[in-house]
Each structure stands twice: as structure tokens, then as C-alpha cells.
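Let's have the full structure, built from the sequences with the hints guiding it.
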Amino acid sequence: MSRSRRAAEVLSTDCEDRQLGLAELCARSAYLNRAEDILVIRVAEMCSYADYFVIATASNSQQLRAIALDVEATMKANHVPKFGGEGRILGKWCLLDYGETLIHIFEPEARQYYQLEELWSDAPRIKWKEPTGMPLAELEEPPLWASGSFDDEEA
0 MSRSRRAAEV
10 LSTDCEDRQL
20 GLAELCARSA
30 YLNRAEDILV
40 IRVAEMCSYA
50 DYFVIATASN
60 SQQLRAIALD
70 VEATMKANHV
80 PKFGGEGRIL
90 GKWCLLDYGE
100 TLIHIFEPEA
110 RQYYQLEELW
120 SDAPRIKWKE
130 PTGMPLAELE
140 EPPLWASGSF
150 DDEEA
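Once you know that position 154 of the sequence shown is 153 in numbering that gives the first Met the number 0, the rest is easy, because the numbers rise by one and skip nothing.
These aren't lab readings, by the way, just hints derived from the structure by calculation. Just so you know, not all the hints are guaranteed correct.
Said to hold, decoys possible - Simulated crosslink set (DSSO-like; lysine-lysine; CA at most 27 Å straight-line): (1) Lys-75 <-> Lys-128; (2) Lys-91 <-> Lys-81; (3) Lys-126 <-> Lys-81; (4) Lys-75 <-> Lys-126; (5) Lys-128 <-> Lys-81; (6) Lys-75 <-> Lys-91.
Predicted model, so just to flag it, every value in this text is computed and none were measured.
Structural data, given as C-alpha cells:
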């Protein structure tokens, strides 16, 4: 089953489950692009502008860009509108805004500097399932970085 078909199953549920499904979908996309220390945090009760944060670490600016591009492609394939984004071109930190779900991708130094998980330490962490037993070479749809193609779009 392709990632987009699995995502369609997640996105057909009720609103609260749908938002969690979107956050988990973003976390999986980041994981498949070898992001590290991925957290999904429920911030709905603590802020008015988002329900979930997905926080991930990229080892360098090229990987950060690849993660961001793959998350964007995954969300676009599932007809989820992006409301904005910042930082992808500069490469130390990137924010992708999908309304109730915000994705933060950092290089290690930037993640340590901003310490979002400390800022939101009272927010519950969500356990999401990492894909297991799925070598990258066997994916039906390999992550974007695997193609070697990085077309710049507006960040």
C-alpha cells in the first residue's frame, strides 16, 4: 500500500483524529528522510493557533531541505493546504504551517538554541509509530531526497 493510500485512511476520520493523523503523517515523512529526535506534541489546550507541533532534527541544511520538501509533497498529495512556511532556504531551521499542525525542522545547533520541547514541556507527547521493517530501497514511493531532485519552490 502506498504512503498516499495509507494517508487517505488516516484523513477520513473525525476532525480531532484527522489533526493527529496529519501530525503523524508529517512525523513519518520526516522519519523516512532520516530525521532524528522526532517529537509530536499536543499543544491544543495551551495555545490558540495550533493543535500539534512536529519537531524534528536534520543533520545538515541539505537534509533539512529534503525533509521539508517531502513533508510538503506528502501533504499536497493528500490535499492539505499549506498556510505558510519560513526558513527552508536559509537551512538552519524551517517552519511549515498546515493550520492546526506546525512542523519545525532544525539543524542540531538551532534545535538546542530554540529548545521548543522545553518551552512546551507541559504539553503531552504523542507516541507515533515509526515505520518498521521497511528498508528505504523497498518503499513504493521513495523519499524525495532519494531522487536527487531538489526543485526550489517558494519557502
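Results of checking the hints against the structure:
1. Annotation: proposed proximity of Lys-75 to Lys-128 holds, straight-line Cα distance about 22 Å (limit 27 Å).
2. Distance restraint check for Lys-91 and Lys-81: the Cα-Cα separation of roughly 20 Å lies within the 27 Å cut-off, and the hinted pair is therefore satisfied.
3. Of the supplied pair hints, the one linking Lys-126 and Lys-81 holds, its CA atoms being roughly 24 Å apart against a limit of 27 Å.
4. Proximity of Lys-75 to Lys-126 is assessed by CA-CA distance (about 24 Å); at most 27 Å being required, the pair is judged to hold.
5. A hinted pair counts as satisfied when its Cα atoms are at most 27 Å apart, and Lys-128 with Lys-81 qualifies at roughly 24 Å.
6. A distance of roughly 24 Å separates the Cα atoms of Lys-75 and Lys-91; the hinted pair therefore holds under the 27 Å criterion.
When each numbered hint is compared with the structure, no violation occurs for any of them.
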